[in-house]
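Asks: Sequence:
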Amino acid sequence: MGAHVFISYSHADEGLRDELEVHLAMLKRQGMVDVWHDRRLVVGDRLDWTISEKLDQADIILLLVSPDFIASDYCYQIEKSRAIERHREGSARLISVILRPCDWKHTELSEFLVTPTDAKPITRWPDRDEAFHDVTTSIRQAIDALGAAPFPEVSHGNIEAEIATEAMDEPEAPIFPRSSNLRLKKEFTEADRESFLFDGFEYMAKFFQGSLEELETRNEGITTRYRRVDSDCFTATIYINGAKAAGGTIRVGGMFGQGITWLENDTGEANTHNESLSVGSDDQKLFFKPMGMAIGPQQPSPHLTQEGAAEFYWALLIEGLQGN
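Numbering (the numbering used here), first residue to last: 75 to 398.
In short, the hints are calculated from the structure, not lab data. A virtual CB, placed ideally from N, CA and C, is assigned to each residue, including glycine. All the given hints hold, so there is nothing to weed out.
Label-pair restraints from in silico Cβ distances: (1) Phe-272 to Pro-175: 15 to 25 angstroms; (2) Arg-114 to Ala-145: 18 to 28 angstroms; (3) Gly-221 to Tyr-277: 40 to 50 angstroms; (4) Gly-394 to Lys-260: 34 to 44 angstroms; (5) His-180 to Asp-273: 23 to 33 angstroms; (6) Arg-103 to Leu-220: 10 to 20 angstroms; (7) Gly-105 to Arg-292: 47 to 57 angstroms; (8) Glu-163 to Gly-105: 24 to 34 angstroms; (9) Arg-302 to Leu-220: 45 to 55 angstroms; (10) Gln-283 to Leu-395: 10 to 20 angstroms; (11) Met-100 to Gly-316: 46 to 56 angstroms.
Below, a list of computed lysine to aspartate or glutamate pairs in the EDC-like style, where the Cα atoms sit at most 16 angstroms apart: (12) Lys-359 to Glu-95; (13) Lys-102 to Asp-218; (14) Lys-260 to Asp-357; (15) Lys-318 to Glu-393; (16) Lys-318 to Glu-294; (17) Lys-102 to Asp-133; (18) Lys-194 to Glu-204; (19) Lys-359 to Asp-266; (20) Lys-260 to Glu-88; (21) Lys-128 to Glu-159; (22) Lys-128 to Asp-112; (23) Lys-318 to Glu-290.
Generate coordinates for the entire structure from the input sequences, incorporating the hints supplied.
Replies: Given below as structure tokens:
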């Protein structure tokens with residue numbers, strides 16, 4: 075039979091859980107997983123009893139780890155503790171998914187398998203789809219290790235028999251077959267897009283300032299300059315032994331519309347650019363889309379997170395100094 079998967083998460087991370095479920099779609103189509111989380115509870119279910127039952131039935135337990143997960147007594151004290159207990163006794167496989175930066179390394183979770191690769195939080199990957207694909211690869215490997223065969227195709231008769239059996243076992247709770255795929259298309263307003271744009275620009279400004287300082291600290295003969303021109307523009311400059319070696323201007327908005335532009339010099343000019351990032355969306359999230367004007371060693375993902383966008387422009391700044 076396929077693997078029963080239990081997802082433990084904080085409701086503050088429901089959007090990220092939805093994205094993970096999108097990436098589990100192929101495993102579901104192949105009959106390799108049956109996913110359960112608390113959004114599959116129905117009216118009349120006994121909350122603690124049902125969650126405990128599903129947790130104890132799971133073959134794979136996913137802990138979606140974030141500051142809110144650690145702060146939740148129910149997630150951390152109850153679900154995490156039971157997951158670790160079952161993993162240690164060999165009755166289930168525990169997989170932690172680090173969603174957002176948090177102090178997880180000082181918990182018991184540091185003793186077990188952590189995803190994505192190198193425990194880099196999902197929200198810190200340049201392309202979030204790549205991060206979730208990394209996670210689903212680990213889940214598929216865990217299923218293979220269990221030797222789980224696909225679930226049989228469910229017929230109408232099978233569903234009726236299952237309902238009748240479960241009703242006899244637990245008459246107090248009405249049991250109905252129900253999908254875990256309950257996410258709906260998200261609509262993003264103009265305000266949402268502008269907030270994403272300007273938040274991304276401010277993140278990029280801090281990212282460049284911190285990266286320039288660290289570059290100078292780590293490399294002898296390197297000096298750097300970060301200059302905030304105004305609220306919508308900053309420049310970055312790198313010197314080698316006092317001679318200017320690289321520079322760039324990053325600007326949000328302006329005469330080129332709602333985007334973040336890159337200019338390959340530090341003059342701060344506003345009437346030209348060499349690359350631009352605009353805000354795009356799918357049915358679940360916002361992201362940055364490169365225009366594709368810049369020529370670099372690697373083509374960026376078409377769906378960049380805030381960090382991915384900052385890394386993309388940072389690579390344009392220093393690529394000439396790296397011998398690529």
